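These protein sequences, in sequence, are chains D, L and X. The working numbering puts the first residue of the first sequence at -3, with every later residue one more than the last. The working numbering puts the first residue of the second sequence at 7, with every later residue one more than the last. The working numbering puts the first residue of the third sequence at 52, with every later residue one more than the last.
The hints are simulated quantities; they were obtained by calculation from the structure and are not laboratory data. Just so we're clear, the structure is a prediction, and the values are computed from it rather than from any experiment. Cβ coordinates follow ideal geometry from the N, Cα and C atoms, glycine included. Incorrect hints may have been included.
Claimed, not checked - Interface residues of chain L toward chain D, partial, derived using beta-carbon atoms under 8 Å: (1) Pro31; (2) Arg32; (3) Gln35; (4) Leu37; (5) Ser38; (6) Thr39; (7) Ala41; (8) Arg110; (9) Ile112.
Said to hold, decoys possible - Output of the computed footprint for chain X on chain D, the stretches with three or more beta carbons under 8 Å from beta carbons of chain X: (10) -2 to 12; (11) 16 to 22; (12) 32 to 44.
Unchecked claim - Far from chain L by the CB rule (all over 12 Å, computed), these chain X residues: (13) Ala83; (14) Ala87; (15) Gly88; (16) Leu107; (17) Leu120; (18) His128; (19) Pro131; (20) Ala157.
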Amino acid sequence: MTTLIVIDQAPYGSWSGREGLDMAFSLAAFDQSCALLFNGAGVNWLRTGQQPDGLGQKSVAQNLGAAAIFGVEALYADAQACQRYGLADDAIIAGVTLIAPDQAFMTGFEKVTFAG
Amino acid sequence: MNQSVADLPAHIHTLHILNKTAEHPRAAQCLSTLATADTVLLIENAVLSAPEVAAAAPCPVFMLAADARARGLIAKSGAGTEATGATPQIGYEHMVQLSALATRIISW
Amino acid sequence: MADISLQTYTVVITGAPYSSQAPQTALDFARAAVAAGHQIDRVFLYGDGVHIASALICTPSDEPHWPRLWSEFLAEHQIPAVACVASALRRGLIDSGEQQRYELSAHNIRAPFEIAGLGEWVEAGTCSKIIYFHSGA
């Protein structure tokens, strides 16, 4: 009965990732079962050491780091996309499970939703 | 374009609504998650990729007639033009029927 | 012959009018759903979709006026409609309450749209089949 929110656009240059995070945290706040999948360019949300203050934007690293406490059940990332974007294990924030977002994986979720 | 309910799948596990052409990363993602019990509905710009999607999909594929017609992909006697191949063109009322038949709907 | 049971839908639109086809596809879907006897319990505007709720959009007279067409459809069928507050405020879609709160010069939300939070969307997910209409970009 879990909703999977998928984020497949990179941070800071587009907003759909932020809107996806808002959806996930809203579901969690209302005690609805949810998980996050970072896919494609979206895996770049998970890189450690982001400092977006020079762009006038906020880092979501703290929010993502606290996702489990907020009630988001899991953070998943597309392993292939992580490789493409040079995200080695030590460059990814803690608490992320690398997966292949194939049919078997996606079937496990009651809903699969994009923010835009 | 006389699609009767009898021509639509009786059960759809997941209805995938795709509105992006095949080279869009999300289209590739959609194709990689298709199962035989699913159905794909191509809408908006995605109708242009109907032959590619139909060839890759393990499940039935439909497209919205209004979107196909807008883009010059005119069905001839229901068989489609060379550009569309054999992907059936359906109306919005059939889109509603597909969405009602599906257990799960993913808009990519 | 497929057995089609009556559904309750929530329509979510994240694509803006005149930048995407989302408002048009969604309206054609919504009209067909209602014509077939299904119920639409609400329409939720998120992200760029909030522009559908603008009272200030102008179009050439020979082009569809999506905010007006949506307003008329919603009023005719008494369907509640919400623009997400976080998306709306950031894009300058303001109701009279927010105008006062932020001491702005005007408000521009078109009836019957109201501004509310993502909680409306979460609640919809517990009781309706949600169908999303995104930009094709």
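The hints, checked one at a time:
no.	hint	result
1	Pro31	5 Å, holds
2	Arg32	6 Å, holds
3	Gln35	6 Å, holds
4	Leu37	10 Å, violated
5	Ser38	6 Å, holds
6	Thr39	5 Å, holds
7	Ala41	5 Å, holds
8	Arg110	7 Å, holds
9	Ile112	5 Å, holds
10	-2 to 12	holds (count 3)
11	16 to 22	holds (count 3)
12	32 to 44	violated (count 0)
13	Ala83	4 Å, violated
14	Ala87	5 Å, violated
15	Gly88	10 Å, violated
16	Leu107	26 Å, holds
17	Leu120	15 Å, holds
18	His128	15 Å, holds
19	Pro131	20 Å, holds
20	Ala157	34 Å, holds
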